[in-house]
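Chemist: In order, the protein sequences belong to chains S and G. Quick note, the first sequence lines up with residues 1 to 374 if you use the UniProt record's numbering. Quick note, the second sequence lines up with residues 1 to 619 if you use the UniProt record's numbering.
Misleading hints may appear alongside valid ones.
Just so you have them, the derived chain G footprint on chain S, three or more residues with Cβ under 8 Å [unchecked claim]:
| no. | region |
| --- | --- |
| 1 | 206-218 |
| 2 | 258-267 |
Mimicking DSSO-like on lysine-lysine, the simulated pairs with C-alpha atoms at most 30 Å apart in a straight line are [claimed, not checked]:
| no. | chain 1 | residue 1 | chain 2 | residue 2 |
| --- | --- | --- | --- | --- |
| 3 | S | 113 | G | 593 |
| 4 | G | 340 | G | 481 |
| 5 | G | 400 | G | 340 |
| 6 | S | 117 | S | 46 |
| 7 | G | 248 | G | 207 |
| 8 | G | 593 | S | 32 |
| 9 | S | 323 | S | 113 |
| 10 | G | 553 | S | 326 |
| 11 | G | 264 | S | 49 |
| 12 | G | 593 | G | 549 |
| 13 | G | 172 | G | 553 |
| 14 | G | 172 | G | 593 |
| 15 | S | 50 | S | 113 |
| 16 | S | 323 | G | 264 |
| 17 | S | 113 | S | 49 |
| 18 | S | 32 | S | 323 |
| 19 | S | 50 | S | 323 |
| 20 | S | 117 | G | 593 |
Some, not all, of what chain G presents toward chain S, calculated at C-beta under 10 Å [unchecked claim]:
| no. | residue |
| --- | --- |
| 21 | 20 |
| 22 | 21 |
| 23 | 176 |
| 24 | 179 |
| 25 | 180 |
| 26 | 318 |
| 27 | 563 |
| 28 | 565 |
| 29 | 579 |
It should be emphasised that the hints constitute simulated quantities derived from the structure, not laboratory data. Because the structure is a prediction, the values reported are computed rather than measured. Glycine included, C-beta positions come from ideal geometry on N, C-alpha and C.
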Amino acid sequence: MVNVFAVQVFFIVFRECLEAIIIVSVLLSFLKQCLGQPNQDQAIYKRLKKQVYVGSIVGVILCLCIGAIFIGLFYGLGHDAWSTSEDLWEGIFYIIATVMITIMGLALLRINKTKQKWRVKIAKALVEKGHGKSRWMRSDWGRRYAMFILPLITTMREGVEAVVFVGGVSLGYPATSFPLPVVTGIIAGILTGWLIYRGGNMMSIQIFLIASTCVLYLIAAGMFSKAVWSLQYYQFEVGVGSDVSEEGSGAGSYNILETVWHVNCCNPETDNGWDVFQAILGWQNTGTYGSIISYNIYWLFIVACVSWMMYEERTGGAGLAVKFWKAMAHVPGLKRLANKKLDGMNIEDDSAVQQVNSTMFHEPEVVEMTVQAK
Amino acid sequence: MRNFLVGLGGFQLLLGVSQAVTHTFDWNVTWVTANPDGLADRKVIGINNQWPLPLVDVNKGDRVVVNMHNGLGDKSTSIHWHGMYQEDTNDMDGPSMVTQCPVPPGSSYLYNFTVNQNGTYWYHCHTDYCYPDGYRAPFIVHDNESYFADSFDDEMVFSMSDWYHELMEDIKPEFMSLYNPTGAEPIPGSFLFNNSISQSYPVQAGKTYLIRLINISAFVGQYFWIEDHTMRVVEIDGVYVDETEADKLYLSVAQRYSVLVTMKNSTEKNYGMVMVADSSLLDTIPSDLLLNQTNWLEYSSTAAHDNVTMPVDDSSDIYPFDDITLVPYDRVELYENPTKTLELTVIMENLDNGEGYALLNNISYTAPKVPTLYTVQSAGDLATDATVYGDYTHTVVLEKDEIVEIILSNQDTGTHPFHLHGHNFQLLDRYPAWGADFFDYDAGTTFATFDADNHTAFPTYPARRDTFVLPPGGYFVIRFKADNPGVWFFHCHIDWHLMQGLAMTFVEAPLEIQEELSITTNQRDVCEAAGVAWEGNAAANTEDYTDLKGQNKPPGFIPPGFTTRGIVALVFSVISAVIGMIAITIYGVSDLKFTMTEVGLGDGATTVTPEGEVSAYRD
Numbered sequence: 001m002v003n004v005f006a007v008q009v010f011f012i013v014f015r016e017c018l019e020a021i022i023i024v025s026v027l028l029s030f031l032k033q034c035l036g037q038p039n040q041d042q043a044i045y046k047r048l049k050k051q052v053y054v055g056s057i058v059g060v061i062l063c064l065c066i067g068a069i070f071i072g073l074f075y076g077l078g079h080d081a082w083s084t085s086e087d088l089w090e091g092i093f094y095i096i097a098t099v100m101i102t103i104m105g106l107a108l109l110r111i112n113k114t115k116q117k118w119r120v121k122i123a124k125a126l127v128e129k130g131h132g133k134s135r136w137m138r139s140d141w142g143r144r145y146a147m148f149i150l151p152l153i154t155t156m157r158e159g160v161e162a163v164v165f166v167g168g169v170s171l172g173y174p175a176t177s178f179p180l181p182v183v184t185g186i187i188a189g190i191l192t193g194w195l196i197y198r199g200g201n202m203m204s205i206q207i208f209l210i211a212s213t214c215v216l217y218l219i220a221a222g223m224f225s226k227a228v229w230s231l232q233y234y235q236f237e238v239g240v241g242s243d244v245s246e247e248g249s250g251a252g253s254y255n256i257l258e259t260v261w262h263v264n265c266c267n268p269e270t271d272n273g274w275d276v277f278q279a280i281l282g283w284q285n286t287g288t289y290g291s292i293i294s295y296n297i298y299w300l301f302i303v304a305c306v307s308w309m310m311y312e313e314r315t316g317g318a319g320l321a322v323k324f325w326k327a328m329a330h331v332p333g334l335k336r337l338a339n340k341k342l343d344g345m346n347i348e349d350d351s352a353v354q355q356v357n358s359t360m361f362h363e364p365e366v367v368e369m370t371v372q373a374k
Numbered sequence: 001m002r003n004f005l006v007g008l009g010g011f012q013l014l015l016g017v018s019q020a021v022t023h024t025f026d027w028n029v030t031w032v033t034a035n036p037d038g039l040a041d042r043k044v045i046g047i048n049n050q051w052p053l054p055l056v057d058v059n060k061g062d063r064v065v066v067n068m069h070n071g072l073g074d075k076s077t078s079i080h081w082h083g084m085y086q087e088d089t090n091d092m093d094g095p096s097m098v099t100q101c102p103v104p105p106g107s108s109y110l111y112n113f114t115v116n117q118n119g120t121y122w123y124h125c126h127t128d129y130c131y132p133d134g135y136r137a138p139f140i141v142h143d144n145e146s147y148f149a150d151s152f153d154d155e156m157v158f159s160m161s162d163w164y165h166e167l168m169e170d171i172k173p174e175f176m177s178l179y180n181p182t183g184a185e186p187i188p189g190s191f192l193f194n195n196s197i198s199q200s201y202p203v204q205a206g207k208t209y210l211i212r213l214i215n216i217s218a219f220v221g222q223y224f225w226i227e228d229h230t231m232r233v234v235e236i237d238g239v240y241v242d243e244t245e246a247d248k249l250y251l252s253v254a255q256r257y258s259v260l261v262t263m264k265n266s267t268e269k270n271y272g273m274v275m276v277a278d279s280s281l282l283d284t285i286p287s288d289l290l291l292n293q294t295n296w297l298e299y300s301s302t303a304a305h306d307n308v309t310m311p312v313d314d315s316s317d318i319y320p321f322d323d324i325t326l327v328p329y330d331r332v333e334l335y336e337n338p339t340k341t342l343e344l345t346v347i348m349e350n351l352d353n354g355e356g357y358a359l360l361n362n363i364s365y366t367a368p369k370v371p372t373l374y375t376v377q378s379a380g381d382l383a384t385d386a387t388v389y390g391d392y393t394h395t396v397v398l399e400k401d402e403i404v405e406i407i408l409s410n411q412d413t414g415t416h417p418f419h420l421h422g423h424n425f426q427l428l429d430r431y432p433a434w435g436a437d438f439f440d441y442d443a444g445t446t447f448a449t450f451d452a453d454n455h456t457a458f459p460t461y462p463a464r465r466d467t468f469v470l471p472p473g474g475y476f477v478i479r480f481k482a483d484n485p486g487v488w489f490f491h492c493h494i495d496w497h498l499m500q501g502l503a504m505t506f507v508e509a510p511l512e513i514q515e516e517l518s519i520t521t522n523q524r525d526v527c528e529a530a531g532v533a534w535e536g537n538a539a540a541n542t543e544d545y546t547d548l549k550g551q552n553k554p555p556g557f558i559p560p561g562f563t564t565r566g567i568v569a570l571v572f573s574v575i576s577a578v579i580g581m582i583a584i585t586i587y588g589v590s591d592l593k594f595t596m597t598e599v600g601l602g603d604g605a606t607t608v609t610p611e612g613e614v615s616a617y618r619d
């Protein structure tokens, strides 16, 4: 199965595509709602819409370039190094992939909250006029082209994530195993994103996002566990000094002293079907202390993070990023940047939004709609 | 060296056999430095500061007295007289913890026995993998009454050996290691022929020589043939056989052959004696390891000494002479109606310390706390109860004169040359036979098994020897008569496999042993110096011989599948994952509160009932 279809690759590509599509589509619908009404300035709306499209496409192109360079370096320079100590590199790349997924994965669950942020950003972009001789001096370039930069960064980031992941994961798989999941992942991601955008209501979208995030973190936990497993196995391999994985299952194929369980079957490397189980849940037919403890610790870490973030939200405490930039604001030289960042993060600051509302959202219909919503 | 030996042999022939001689040796065993292959100096075990060790050369009926002093300073030792039946002198047999205590540094052990047999033998250390450090040499018993005594003019002894460049004590931790899970045997650094390499041995045209071949290796078997000369086998492991022509011989570790070879009448060319290592035993073949070696029968020192070209690429394509087809000269008939049949299976696997072990019927031999012979001598009537010898010495108690049949099956992919102390045994059946099919079962997936109701007919006069090769994945059937009271070790003679526990013990007529032997003061002193108990059961319990608490044990078996801790770990992992996903779900659902003011995707925003306080955003 894994020889033609690496499940992890499919899911990650699917998920990254979906994330990009959702963000872009949310931006578009947001623009439409804010500015796309018949009695509004169609020129501004069209310009911003164009920015979104161009930004997304440029992002994809950039990510393809970065990906090509990455893959080129990866296979051109290092493939011999990878293959001689495959388990070492697999462990390292899995850790990188786990960290990336862990940081990015939860963000999508805050899509609604993020939209609040954008509202403020866009409103500011539309309302505020900087002071200075040129755009650059006024430093409102970023705001003016927010609708370009946001999708650009989003698509590029998701794309690079996918590329790094596919590159890293493909270490353990034959080259034939990833064209199919990459293509089907992209198709499925775009299709799902479109369906969500078209048909779904907020609730079902959120449920879908929650479910896919759960699977994403299952994969991440499995990868983290597998990373530790691979590093331990690498150590064992170095000790043995030959290709232990040739041994397949059974005594001698693993370090008994590190082992919590070992079953002489169900080897994800050699037995059909179990590779899928491994890809999604991190299954190993040899459970080591390291891999099992890391799996559990990973989940505990996720629970702790989620709890912390929810606590912060509930008590109105500042988020980690806010804290970070607040600390940075004390560092000489970074003060301006930090304050700007903090400014952008302040979604409670409704003044700009109200200003926009009063100048632009003055149509009675819109007001009524929102009143009804209450 | 050779000339000396031949001269000595001739001298004794003149004396005649009727005159039994006592050969007394004082041997101080010490470390010396040697470099037999010219590749590396190394420490070897010498006798009286000499190496190679003295070749023992006696006549049938002679008495051998060896006072062995351990001058090594850092390790224990002993001597096994390989192939000697040791009738009435079981305590002279030599294996440590079987018939004696290991002789610690500074102690001496007196070996004293009569040689009532003839042929080609050898002696070697039999304490904790010590003989591959060089402690091994031929032991020749001449017999001028043999049926072929008049058929040769002169004789030569050639030993073959693998040679390691490291000390066994340094190799052992790498071999018995978590990091050697396959139990891959250490690869020798070279192969020696007569403790040297590529030498010439002068011969005279037209003469017939009796050539005694001994493989004194630790590990690797050797194929042997002589270019353009036919060998006529007359003796295997001390047993005379009808003269039989053989092209190529295979000598496993510890096997011996005597062959008659008649020299050509021309002196124009020197002929190679070819020794080819059995590379099927080697897991890896280093590029600098020479598997083939030519030594020469030198007709003329001025003629060319050409290396013999190999007829095959792989040693397993050499089809050696099948020793099971030989007929013993004494025409001892097949022992009928065995009263004890042992079905044994060789399995190599990892135990729960991750190291490779060898098992016979699921028992990996582990030395007892008291040498088994001393348990026999101290257990009284309980000596007939195998229990007292412990669970891991794999002891089988035999009655006097019973016929014992061993059906040994191999579930390992390598060959195993099995050796029985105190006896030779009849070779009844072996499968696969030497030849094209010999390695048919070396993949380790299927194994041949012996069917007692359907097998090739046993020979009327089976060949006998004391070391017999078990084919990969195959089996052999042997029989012997328990007519020699004593404690006799039965083990694979590959020293690495013995280290892994491929051995068992026969206690033959224990009550007769008690009558014949009693522990000597010297033997007791050696035990005390070594800190080894000399009475009691396998656990050194002298109170209750059936209580084996505290006996030496091999590591445990690796449990198949999930154990309790595995299930606990799995359950905890599942719980963690579930809790984690619940947390993610709660977090995700709580995001819906932000949808309140949102210009939604589609008309989704209006379908959700937002929480009140969020509406503040729009106020």
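Chemist: Look at each hint and say if it fits the structure.
Modeler: Hint check:
1. 206-218: holds (count 7)
2. 258-267: holds (count 5)
3. 113(S) x 593(G): holds, 9 Å
4. 340(G) x 481(G): holds, 10 Å
5. 400(G) x 340(G): holds, 12 Å
6. 117(S) x 46(S): holds, 22 Å
7. 248(G) x 207(G): holds, 21 Å
8. 593(G) x 32(S): holds, 22 Å
9. 323(S) x 113(S): Since the Cα atoms of residue 323(S) and residue 113(S) sit roughly 18 Å apart, the hinted pair holds (cutoff 30 Å).
10. 553(G) x 326(S): violated, 66 Å
11. 264(G) x 49(S): Not satisfied, since the Cα-Cα distance of roughly 103 Å exceeds 30 Å.
12. 593(G) x 549(G): Cα-Cα ~70 Å, so violated.
13. 172(G) x 553(G): holds, 19 Å
14. 172(G) x 593(G): violated, 69 Å
15. 50(S) x 113(S): holds, 24 Å
16. 323(S) x 264(G): Between residue 323(S) and residue 264(G) the Cα gap is close to 99 Å, so the pair fails against 30 Å, i.e. violated.
17. 113(S) x 49(S): The given pair, whose Cα atoms are some 21 Å apart, holds under the 30 Å limit.
18. 32(S) x 323(S): violated, 34 Å
19. 50(S) x 323(S): violated, 35 Å
20. 117(S) x 593(G): This hinted pair holds, its Cα atoms lying about 14 Å apart.
21. 20: violated, 54 Å
22. 21: This interface hint is violated because 53 Å lies over the 10 Å limit.
23. 176: violated, 13 Å
24. 179: holds, 4 Å
25. 180: holds, 7 Å
26. 318: violated, 27 Å
27. 563: Residue 563(G) check passes; min Cβ-Cβ to chain S is 7 Å, inside 10 Å.
28. 565: holds, 6 Å
29. 579: holds, 6 Å
When each numbered hint is compared with the structure, violations occur for hints 10, 11, 12, 14, 16, 18, 19, 21, 22, 23 and 26.
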